[in-house]
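Each residue of the sequence shown is one higher than the one before, counting from 0 in numbering that gives the first Met the number 0.
Don't read these hints as lab results, they were simulated from the structure. All values derive from a computational prediction rather than experimental measurement. Don't take each hint at face value.
As the list claims (entries may be wrong) - Listed next, the in silico DSS-like pairs over lysine-lysine satisfying Cα-Cα at most 30 Å (straight line):
1) K241 / K117
2) K72 / K147
3) K229 / K241
4) K229 / K288
5) K110 / K38
What the hints assert, rightly or not - Ranges of calculated distance between the beta carbons of each label pair, as one might list FRET restraints:
6) E363 / D105: 10 to 20 Å
7) E55 / D287: 40 to 50 Å
8) K229 / L26: 41 to 51 Å
9) M270 / R103: 56 to 66 Å
Glycine included, every Cβ here is placed at the ideal spot set by N, Cα and C.
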Amino acid sequence: MQHDGYTLERMRFLHEVSQKISEKKPLPRLLAEIMENSKGVMQAEASSLLLYDPDEKTLSFQVATGEKGKMIKQYSVDLGSGIAGWVAEHKKPLLIEDCYGDPRFDPAYDKQTKFTTKSMICVPLVRKKQLIGVIQVINKVDGGTFDKEDLMIFETLAAQCAIAIENTKLVELQVESEALERELNTARDIQQTLLPSALPEFDDIDVAAQLIPARQVGGDYYNIVRVSEKESLFFVADVTGKGIPAALIVSTIHSCLRTYMTLATGSFDLMTFAIGLNRVLVESTTLDKFATAWFGLYHHETGMLMSVNAGHNPPYLFSQATAAPTELDAGGLFLGVMELQFEHQQVQMNSGDVLVFFSDGVTEAENRKEEQYEEHRLVEVVVREQTQSATTILAAIEADVSRHVAGAQQSDDFTCAVVKIR
Numbered sequence: 000m001q002h003d004g005y006t007l008e009r010m011r012f013l014h015e016v017s018q019k020i021s022e023k024k025p026l027p028r029l030l031a032e033i034m035e036n037s038k039g040v041m042q043a044e045a046s047s048l049l050l051y052d053p054d055e056k057t058l059s060f061q062v063a064t065g066e067k068g069k070m071i072k073q074y075s076v077d078l079g080s081g082i083a084g085w086v087a088e089h090k091k092p093l094l095i096e097d098c099y100g101d102p103r104f105d106p107a108y109d110k111q112t113k114f115t116t117k118s119m120i121c122v123p124l125v126r127k128k129q130l131i132g133v134i135q136v137i138n139k140v141d142g143g144t145f146d147k148e149d150l151m152i153f154e155t156l157a158a159q160c161a162i163a164i165e166n167t168k169l170v171e172l173q174v175e176s177e178a179l180e181r182e183l184n185t186a187r188d189i190q191q192t193l194l195p196s197a198l199p200e201f202d203d204i205d206v207a208a209q210l211i212p213a214r215q216v217g218g219d220y221y222n223i224v225r226v227s228e229k230e231s232l233f234f235v236a237d238v239t240g241k242g243i244p245a246a247l248i249v250s251t252i253h254s255c256l257r258t259y260m261t262l263a264t265g266s267f268d269l270m271t272f273a274i275g276l277n278r279v280l281v282e283s284t285t286l287d288k289f290a291t292a293w294f295g296l297y298h299h300e301t302g303m304l305m306s307v308n309a310g311h312n313p314p315y316l317f318s319q320a321t322a323a324p325t326e327l328d329a330g331g332l333f334l335g336v337m338e339l340q341f342e343h344q345q346v347q348m349n350s351g352d353v354l355v356f357f358s359d360g361v362t363e364a365e366n367r368k369e370e371q372y373e374e375h376r377l378v379e380v381v382v383r384e385q386t387q388s389a390t391t392i393l394a395a396i397e398a399d400v401s402r403h404v405a406g407a408q409q410s411d412d413f414t415c416a417v418v419k420i421r
């Protein structure tokens, strides 16, 4: 399909940009590369990045490219002042075709630098509703104006930039300290900021999910997201290794999901997304770093679930029509090793059915005798609690694992999600 090929090319292109800005390097150098890439991607005459100081309520130019860049860096912008100040205050992007025709535009900087601002895109850098700064590009090099497609790409790039800046600050904390506990706390912070702050609400399904970080932080990730009015995505992944490296790969997975959802307007092709994510991880990880994952695309009108399993623990589908749960194991190898095609399976879900997907931190949780919890205990709990709500079933699983572990220190994250058809 032409659209799918186009989307994959855009995913690869944006990842090449994000790969450069996600490397471990000093923050000033990182920000300079962000802006140079922004200017090139957007074919703009100039670009700039301003970081927000919450104490002073000002934006300071950290990087400014273009022939007037050095002059503009000496200035700062008050929150609410000019285009950048408005974007920062409202945390909303702006696409302006004629800056001098916009009452929010402040021409003072043009007068001081002898530069003429014609058109502009200005986008906030936001993480977990917290303002980090503002990123902007000015004037198309061909004399034209920016359009909505430019805005969509720049918003995606800005989201990746915000993650990269946040991750870099967290990594710098880890580099400055040799203490293992500092590294683990930093990894937990990265991991937690990428998880959904709240699950979506549905009329036809009941959902619950939980990720409990272990002391030795792993690379677990999950998401439940409505991708359209008719479809929702269920997603769990587990990155090999622990600490900062695993957390940074998790941020790449999260970034790819957000990028695909931004670019694939109108429909969510599960196979295209799985193949695209695998390609990104192949290009960005070493041979000893990979991720297992499971993807489920649920169609709300038909109750049909499309499942792709990339080397992950098979989720269980509990149906009142069958004595034993169905394992969703069709798919392929784990992600990040080689480019490959994936298989999928379609399963019909009906009222009362329960879907449970999880990471190996659940079934491999050990007690002091090093006995694992194992799948059969999980199945027994869900069968016993199947008539209850998703939240109650999840709480029962968590409590049963806790009883089995009986206070033994865990080395892997507990990640589990329950979906019940109303």
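Verify the proposed pairing of K72 with K147, using a straight-line Cα cut of 30 Å.
-> The given pair, whose Cα atoms are some 28 Å apart, holds under the 30 Å limit.
Is it true that the C-beta distance of E363 to D105 lies inside 10 to 20 Å, as the hint says?
-> About 58 Å separates the Cβ atoms of E363 and D105, which means 10 to 20 Å is violated.
Are K110 and K38 close enough, with their CA atoms no more than 30 Å apart?
-> Status holds; Cα separation ~22 Å.
Under the criterion that the straight-line Cα-Cα distance not exceed 30 Å, is the pair K229, K241 satisfied?
-> Violated: K229 and K241 sit about 36 Å apart, past 30 Å.
Under the criterion that the straight-line Cα-Cα distance not exceed 30 Å, is the pair K241, K117 satisfied?
-> violated, 48 Å
L26 and K229 - C-beta distance against the hinted 41 to 51 Å | holds, 43 Å
Assessment of proposed distance window 56 to 66 Å (beta carbons of M270, R103) | This hint is violated: roughly 44 Å between Cβ atoms.
If you check the beta carbons of E55 and D287, does the distance land in 40 to 50 Å?
-> holds, 45 Å
Would the pair K229 and K288 pass a check requiring their Cα atoms to be no farther apart than 30 Å?
-> Violated - the C-alpha atoms of K288 and K229 are around 35 Å apart, more than 30 Å.
Going down the numbered hints, you'll see the structure goes against 1, 3, 4, 6 and 9, while the others check out.
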